[in-house]
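Student: The residues making up each chain are set out below.
There are 2 protein chains.
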Amino acid sequence: MEYPSKLVEQAVEEISKLPGIGKKTALRLALHMLKQPQAQTTNLSEALTNLRQNIKYCGTCHIIADTEECTCKTLSRDTSVICVVEDTPDVLAIRNTGQYNGLFHVLGGRISPMDGIGPDNVKIDSLVDRVKSDAAVKEVVLALSSTMEGDTTAFYIAKMLRDTPVKVSTIARGIPVGGELEYTDEITLARSISTRTLFSTEN
Amino acid sequence: MEYPSKLVEQAVEEISKLPGIGKKTALRLALHMLKQPQAQTTNLSEALTNLRQNIKYCGTCHIIADTEECTCKTLSRDTSVICVVEDTPDVLAIRNTGQYNGLFHVLGGRISPMDGIGPDNVKIDSLVDRVKSDAAVKEVVLALSSTMEGDTTAFYIAKMLRDTPVKVSTIARGIPVGGELEYTDEITLARSISTRTLFSTEN
Chain C
0 MEYPSKLVEQ AVEEISKLPG IGKKTALRLA LHMLKQPQAQ TTNLSEALTN LRQNIKYCGT
60 CHIIADTEEC TCKTLSRDTS VICVVEDTPD VLAIRNTGQY NGLFHVLGGR ISPMDGIGPD
120 NVKIDSLVDR VKSDAAVKEV VLALSSTMEG DTTAFYIAKM LRDTPVKVST IARGIPVGGE
180 LEYTDEITLA RSISTRTLFS TEN
Chain Z
0 MEYPSKLVEQ AVEEISKLPG IGKKTALRLA LHMLKQPQAQ TTNLSEALTN LRQNIKYCGT
60 CHIIADTEEC TCKTLSRDTS VICVVEDTPD VLAIRNTGQY NGLFHVLGGR ISPMDGIGPD
120 NVKIDSLVDR VKSDAAVKEV VLALSSTMEG DTTAFYIAKM LRDTPVKVST IARGIPVGGE
180 LEYTDEITLA RSISTRTLFS TEN
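The listed protein sequences correspond, in order, to chains C and Z.
The opening residue of the first sequence carries number 0 in numbering that gives the first Met the number 0; numbering runs sequentially from there.
The opening residue of the second sequence carries number 0 in numbering that gives the first Met the number 0; numbering runs sequentially from there.
Simulated from the structure, these hints should not be mistaken for laboratory data.
Honestly, I wouldn't trust all of these hints.
Heads up, the list lumps identical chains together, so a pair's fine if it works in one copy or across two of them.
[Said to hold, decoys possible] Pairs of lysine-lysine residues, derived as DSS-like cross-links and limited to a Cα-Cα distance of at most 30 Å, are as follows:
#1 K122 x K55
#2 K5 x K34
#3 K16 x K55
#4 K16 x K158
#5 K22 x K34
#6 K23 x K158
#7 K158 x K22
#8 K5 x K122
#9 K55 x K5
#10 K23 x K34
#11 K131 x K23
#12 K23 x K55
#13 K131 x K22
#14 K137 x K158
#15 K16 x K5
Model the full structure from these sequences, guided by the hints.
Tutor: Below, the structure written as structure tokens:
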């Protein structure tokens, strides 16, 4: 496409590097900004630069934070459970359920030999150290994706924690709420039968 | 939603002000940037600020440009036709068809009394001046949306140009290419019959 201006072209080029945004959406966003007050674009630019330059990761749980000590220790959380997730959005999703009040550990990825990501590229050693050095930890909950890579990562972590006294659990795999039995794939159905739980009349 | 960091929250706040981007997409974009090299975010911020601060509008046709004299006059264009459009994306869309080689005039909006936009808020006076002062102009093509506001704007422009010798035409309204007659609404069908054209075996 031929752009009316070099400045527009550069902006479109940079915006369209973001995931899920093509050239056409990028152009729409750039032209939208031109119609808004200049302060809005300035604020956006500053917020992005600020985020990228000043963000910290908590030294303990590796969650994104404003300081190197995140709120994971200071809040009134259950310090006997650590939930292991792949990335920060997972932390937010689990927190939003309101069903979990323990600590977190963000791996920053999952073991994926195909992509050249081995156990050393994710924060597994740091998890093992954390579990071993903190006697308060009684359980590690693996909340990983139900994919080949997620399962590989889960197996590896479980193996590394075998010698410790902590209980290693995983979030349940089964039919999603609202899902019809008829349309559920065999593997999910088989897993949901083998890991069946006692029926509760409370929920 | 509770964010893990004030910086993330600010970035999400600013990104989600863009059209079509909600808080969830904004969060995904912000976290994506954290995984990319810092230069990418810096480039994006600079391109946006640069665009917003340094963009110019051509004094004649009001197209977005890098200087106040756009390429509208220098290129080998047909200077006897002016195509009137609402906004810059329309210029790009029409140029991309390869069917039009004349000049453009960007109104910067359309008359919409409901939104408080009157004839004085769009560049209609400037179009009339342009037509009157340039004897080379023989035709004005109205390429406006086929909506109430687009039609109102078209009528107003046609009225303003009534005393000039230029021909005022409008792009054809009818069944879109690929459209089925059966599913076309009555008004479009009626318009396509009343404005029927001679059948050509050439296209």
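Student: For each hint, tell me whether it holds in the structure or not.
Tutor: Status of the hints after comparison with the structure:
1. K122 x K55: within (16 Å within a copy, 49 Å between copies)
2. K5 x K34: both (18 Å within a copy, 28 Å between copies)
3. K16 x K55: both (24 Å within a copy, 25 Å between copies)
4. K16 x K158: neither (39 Å within a copy, 46 Å between copies)
5. K22 x K34: both (19 Å within a copy, 22 Å between copies)
6. K23 x K158: Close neither inside one copy (48 Å) nor across copies (35 Å); limit 30 Å.
7. K158 x K22: Result: close neither inside a copy nor across copies, 46 Å intra and 38 Å inter.
8. K5 x K122: between (43 Å within a copy, 24 Å between copies)
9. K55 x K5: between (35 Å within a copy, 11 Å between copies)
10. K23 x K34: both (17 Å within a copy, 24 Å between copies)
11. K131 x K23: neither (52 Å within a copy, 36 Å between copies)
12. K23 x K55: between (34 Å within a copy, 21 Å between copies)
13. K131 x K22: The answer is neither: 50 Å in one copy and 38 Å across copies each exceed 30 Å.
14. K137 x K158: within (16 Å within a copy, 81 Å between copies)
15. K16 x K5: For K16 and K5, the Cα distance is within 30 Å both inside one copy (17 Å) and across copies (25 Å).
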